[in-house]
Amino acid sequence: MFNKKTIFVAALLGTVVACSMSTPPAAEPKVKAENTRNAAADFALKDADGKTVKLADYKGKVVLLNFWATWCAPCKVEIPWFIEFEKQYKSEGFSVLGVSMDEEGWKAVKPYLEKSKVNYRMVMGDDAMAQKYGGIESLPTSFVIDRQGRIAATHVGLVERADYEGEIRELLRASTGARVGDAGDTQLASNQH
Amino acid sequence: MLVTLAIPSWPQINTNLASASPVAPVTIKRGAQAQAKVHVRLMPGYHMNSNKPLDEYLIPLRLTWTAPPLEVVRTDYPEGKMEKYAFSEKPLSVITGDFDLVTEFHAPAAAPVGSQTVTGKLRYQACDSRACYPPRTIELKLTVDVQ
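These protein sequence lines are chains Z and V, in that order. 193 is the number that the working numbering gives the last residue of the first sequence; the numbers go up by one with no jumps. 340 is the number that the working numbering gives the last residue of the second sequence; the numbers go up by one with no jumps.
These are calculated hints, taken from the structure and not from any lab test. In this text, a Cβ means the ideal position worked out from N, Cα and C, and glycines have one as well. Keep in mind that the hints are not guaranteed to be accurate.
[As the list claims (entries may be wrong)] Distance windows between CB atoms, simulated:
no.	chain 1	residue 1	chain 2	residue 2	range
1	Z	ASP47	V	LYS334	49 to 55 Å
2	V	ARG267	Z	GLU92	38 to 44 Å
3	Z	GLY50	V	SER308	23 to 29 Å
4	V	LYS314	Z	LYS59	41 to 47 Å
5	V	ASP293	Z	ASP47	56 to 62 Å
6	Z	LYS115	V	LYS314	28 to 34 Å
7	Z	LYS54	V	LEU247	34 to 40 Å
8	Z	LYS110	V	LYS245	30 to 36 Å
[Unchecked claim] Derived lysine-lysine pairs resembling DSS-like cross-links, with alpha carbons at most 27 Å apart:
no.	chain 1	residue 1	chain 2	residue 2
9	Z	LYS107	V	LYS230
10	V	LYS222	Z	LYS107
11	Z	LYS115	V	LYS277
12	Z	LYS115	V	LYS283
13	V	LYS230	Z	LYS110
14	V	LYS245	Z	LYS110
15	Z	LYS51	Z	LYS117
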């Protein structure tokens, strides 16, 4: 027969094992070393309300810059994740910024944003914008930008949600230093492919 | 009668995922109909939406012609295959590999006799298993001999 102490220890061990099995392993962040990050190019594009949005507006924040389009099915897998990231990490200094590459403009994009309840800011991209980010060959393409306005990670194509989340968390933990744009707005972010 | 000039949505992209060209010149009698076949080749590892994608946001494969005075009666597209991808909850109607499109032209009785070139545009949007590529348009030129 087991005594009470044995049962308690067994129960405790069981709980620990159960918790470790139910919690997905933390994603290994894949952010670049700080000294290898290039400055994210600044831009000025209109949002759905016609207001100008600049990357420099996001001074001191971690930004997930996501190029997408309504015709891109893999992009739509990520959008619900981004909605949750915006909710979960906004108070810690994080923002998602979407860049739509739809040829038909807001006419195509606005209904989708409303239907999907997108809660983060969206701008309409163009060729000049794509060029600033080294040429966007396929969608989705995303850049995770640190608080200093540097590209810390790049993702081309659909990746795991945990990849983004690990990177966002790591960058949010990093201390604030220089501000977005300090590293040079015009430097081309050309290291993503 | 050939041509494969791909025009992407944002011009810096040069990779052609597909090529297309008319299989042969077309001979058509005034007041009659004739078919033109266009052969399309999509690179391995990619798929494009069929002419009838199941999602309203997806861009369908579409062939259009500017061929006056010839009239386009109809264009037949291959039936899409239902394929499931990691990024889609439901199967998508897609086309892969090589396939043909067939357009039926009608020549009005008053059409001028002789050889002419008509132009077509094949618009498609392709993806692989992880990413999608911008919609592109391939310009076609078809030689038609009206008799």
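Structure-based check of each hint:
Checking the proposed 49 to 55 Å range against Z/ASP47 and V/LYS334 shows it is violated: the Cβ atoms sit about 42 Å from each other. Checked against the given bound of 38 to 44 Å, the beta carbons of V/ARG267 and Z/GLU92, roughly 58 Å apart, lie outside it. The hint said 23 to 29 Å for the Cβ distance between Z/GLY50 and V/SER308, and at roughly 52 Å that hint is violated. Checked against the given bound of 41 to 47 Å, the beta carbons of V/LYS314 and Z/LYS59, roughly 45 Å apart, stay inside it.
Between V/ASP293 and Z/ASP47 the Cβ separation comes to about 44 Å, which falls outside the hinted range of 56 to 62 Å. Under the hint 28 to 34 Å, the C-beta atoms of Z/LYS115 and V/LYS314, about 30 Å apart, fit the expected range. Our hint of 34 to 40 Å for Z/LYS54 and V/LEU247 holds, since their Cβ atoms are close to 39 Å apart. The hint said 30 to 36 Å for the Cβ distance between Z/LYS110 and V/LYS245, and at roughly 25 Å that hint is violated.
Straight-line distance between C-alpha atoms of Z/LYS107 and V/LYS230 comes to about 35 Å, which puts the hinted pair past the 27 Å bound. Only pairs whose Cα atoms come within 27 Å are accepted, and V/LYS222 paired with Z/LYS107 is rejected, the gap being roughly 44 Å. Using a Cα cut-off of 27 Å, the hinted pair Z/LYS115 and V/LYS277 holds, with the two alpha carbons roughly 24 Å apart. The hinted pair formed by Z/LYS115 and V/LYS283 meets the criterion: a straight-line CA distance of about 18 Å does not exceed 27 Å.
Distance check on the hinted pair: V/LYS230 and Z/LYS110 sit about 39 Å apart at the alpha-carbon level, beyond 27 Å; violated. A hinted pair counts as satisfied when its Cα atoms are at most 27 Å apart, and V/LYS245 with Z/LYS110 qualifies at roughly 23 Å. Between the alpha carbons of Z/LYS51 and Z/LYS117 the distance comes to roughly 20 Å, so the proposed pair stays at or under 27 Å and holds.
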